[in-house]
Amino acid sequence: ELKVEQNPLFLSMQEGKNYTIYCNYSTTSDRLYWYRQDPGKSLESLFVLLSNGAVKQEGRLMASLDTKARLSTLHITAAVHDLSATYFCAVDKRNTGNQFYFGTGTSLTVIP
Amino acid sequence: DAGVIQSPRHEVTEMGQEVTLRCKPISGHDYLFWYRQTMMRGLELLIYFNNNVPIDDSGMPEDRFSAKMPNASFSTLKIQPSEPRDSAVYFCASSFPGWGNEQFFGPGTRLTVL
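Sequence lines, in order, name chains W and F. Read in order, the letters of the first sequence correspond to residues 27 to 138 in our numbering. Read in order, the letters of the second sequence correspond to residues 35 to 148 in our numbering.
Some clues are possibly wrong.
Here are the in silico distance ranges between beta carbons for each label pair [unchecked claim]:
1) F:M73 x W:H107: 21 to 29 angstroms
2) W:N50 x F:P42: 31 to 39 angstroms
3) W:N50 x F:S107: 24 to 32 angstroms
4) W:S71 x F:R56: 17 to 25 angstroms
5) F:P115 x W:N44: 48 to 56 angstroms
6) W:T54 x F:E52: 35 to 43 angstroms
7) W:H107 x F:K102: 27 to 35 angstroms
Not the full set, but computed from the structure, chain F residues with beta-carbon under 7 angstroms of chain W [as the list claims (entries may be wrong)]:
8) Y65
9) S129
10) G134
11) G142
In short, the hints are calculated from the structure, not lab data. The beta carbon of each residue, even a glycine, is placed where N, CA and C say it ideally should be.
Chain W on its own, in the form it takes in the complex (with noise of 0.2 angstroms):
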């Protein structure tokens, strides 16, 4: 069974610090996604990692791929308010189309 395990599950941070959320999983991939969910909201894609290496930024967000380790990090640096939301990861195992694994979420708080 395919697992994608993110940590920690609960995040409270105050503004101007630095964190990473962490995630892991079971298979081989070499496709890693990152998504926001605002409470009540759907989710929104962050980012899309498709190599080992592989590192993209986006203002105080910046991921990154290590499919040796089968790991992936979404750093955050120093967090402003409107960070906070639920954090997913999900990865596609290979021959199986489309289809997704999403983690169990990272819901962060972040504290003026």
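With chain W's structure known, arrange chain F on it following the hints.
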């Protein structure tokens, strides 16, 4: 592009009633996915289609759930009869085929079964 469209946005019904959720994918997307999200179980894939054909329905909870995609621009998820434990947010998502294409999610339908 309007994005993925779902209707209704909210549905409140009584146990035993039939519920039909609707989805219009983004034009040109060949894949369509139905998900269910609850606090207890997180985000679950129910079924997905490729070119209107169901590919994997192993996530459908039981026979009370059925999904169809009669054409490339429309899909339905039906629950009959509905039960209180079906209360959840149901998302539809679509994507282009091929390597590395992210899924785009609709706004969701919040279903409450009393």
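request  = Double-check F:Y65 for me: the hint is only fine if its C-beta lies closer than 7 angstroms to a C-beta in chain W.
outcome  = holds (5 angstroms)
query = Minimum Cβ distance from F:G134 to chain W below 7 angstroms?
reply = holds (5 angstroms)
message = Taking 35 to 43 angstroms as the stated bounds, is the beta-carbon spacing between W:T54 and F:E52 within them?
response = At 42 angstroms between Cβs, range holds.
ask   = Is the hinted range of 48 to 56 angstroms satisfied by the C-beta distance from F:P115 to W:N44?
value = This hint holds: roughly 51 angstroms between Cβ atoms.
task = Using the Cβ atoms, figure out if W:S71 sits within 17 to 25 angstroms of F:R56.
result = The hinted range 17 to 25 angstroms holds for W:S71 and F:R56, with Cβ atoms some 22 angstroms apart.
W:N50 versus F:S107 beta-carbon gap, inside 24 to 32 angstroms or not = Given about 38 angstroms between the Cβ atoms, the range is violated.
inquiry  = Against the range 21 to 29 angstroms, how does the distance between the Cβ atoms of F:M73 and W:H107 compare: consistent or not?
reply    = holds (23 angstroms)
inquiry  = Does the beta carbon distance between W:H107 and F:K102 stay inside 27 to 35 angstroms, or does it fall outside?
reply    = violated (43 angstroms)
task = Kindly confirm whether 31 to 39 angstroms is satisfied by the beta carbon distance between W:N50 and F:P42.
result = Hint holds: Cβ distance 37 angstroms, inside 31 to 39 angstroms.
ask   = Once the shortest beta carbon distance from F:S129 to chain W is found, is it less than 7 angstroms?
value = holds (5 angstroms)
inquiry  = Quick check on the hint: F:G142 CB to chain W CB, less than 7 angstroms?
reply    = Holds. Min distance 5 angstroms.
Violated hints for the displayed structure, listed by number in ascending order: 3, 7.
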